[in-house]
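Residue numbers (this note's numbering), protein chains in the order written: chain A, 1 to 114; chain B, 1 to 114.
Honestly, the hints are just simulated from the structure, not real lab data. Treat the hints loosely; a few may be bogus.
Said to hold, decoys possible - Over 10 Å on every C-beta distance to chain B, these chain A residues come out as not near it, computed from the model:
id, residue
1, V13
2, E15
3, L44
4, K49
5, K68
6, P79
To be verified - Some chain A residues close to chain B (C-beta under 7 Å, calculated; not the full set):
id, residue
7, W83
8, F104
9, A106
Note that the structure is predicted; figures quoted are calculated from it, not measured. Cβ atoms here follow ideal geometry from the backbone N, Cα and C, with glycine treated the same way.
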Amino acid sequence: AQSVTQPDIHITVSEGASLELRCNYSYGATPYLFWYVQSPGQGLQLLLKYFSGDTLVQGIKGFEAEFKRSQSSFNLRKPSVHWSDAAEYFCAVGEDTGGFKTIFGAGTRLFVKA
Amino acid sequence: ETGVTQSPTHLIKTRGQQVTLRCSSQSGHNTVSWYQQALGQGPQFIFQYYREEENGRGNFPPRFSGLQFPNYSSELNVNALELDDSALYLCASSSGWGLINEQFFGPGTRLTVL
């Protein structure tokens with residue numbers, strides 16, 4: 001069965017600093033990979049996704065992620081964090097066996113300090 | 001174009017009761033997925049419906065059941081509520097079959113079981 005690990009429960013960065021959120025997955029074939037953001041009182045919003053092709057994918061709000069098959073990782077990055085980026089971030093992998101489902105990691109809470 | 005809506009926003013039930021949660025898909029979407037998000041955790045896939053048929057199910061007992069209607073709105077029913085069922089229940093809709101179609105999430109229904 002697929003699984004997703006987000007090693008960092010929470011991360012604090014200064015506004016303007018760079019950000020990297022880690023994600024490792026377990027899946028035998030080429031995975032469908034996603035990053036979502038969840039702000040307080042808001043639904044989950046898709047930041048970016050990887051299905052195939054270029055391993056560096058660009059998303060909304062200035063985020064990007066890189067798929068590294070050898071490391072089973074799909075880390076999320078942003079060069080300069082804004083205070084409005086403070087939220088919960090979820091990495092997810094899509095499974096397509098007997099129906100479709102998305103497996104989420106436990107999330108990383110991002111705090112941004114002034 | 002309206003997004004995904006869920007009702008009610010909040011709900012309090014007692015152990016052993018039954019509950020029905022509702023979801024209206026985004027216009028033009030024929031696929032609905034339901035997720036349970038416990039406090040401090042990532043969403044867990046409950047099941048998915050595509051054109052009124054269940055199309056995949058996660059590791060949830062049969063007392064979690066669902067329906068999708070001809071207008072593609074959906075219900076999640078939970079019987080014999082347990083304390084551990086307290087969570088945020090998220091609905092997501094997408095257009096068409098498969099993971100390649102982006103899921104759009106509703107704001108969720110917060111269920112508290114006492």
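Please name the hints from earlier in the document that this structure breaks, with their numbers sorted from lowest to highest. 3, 4 and 7
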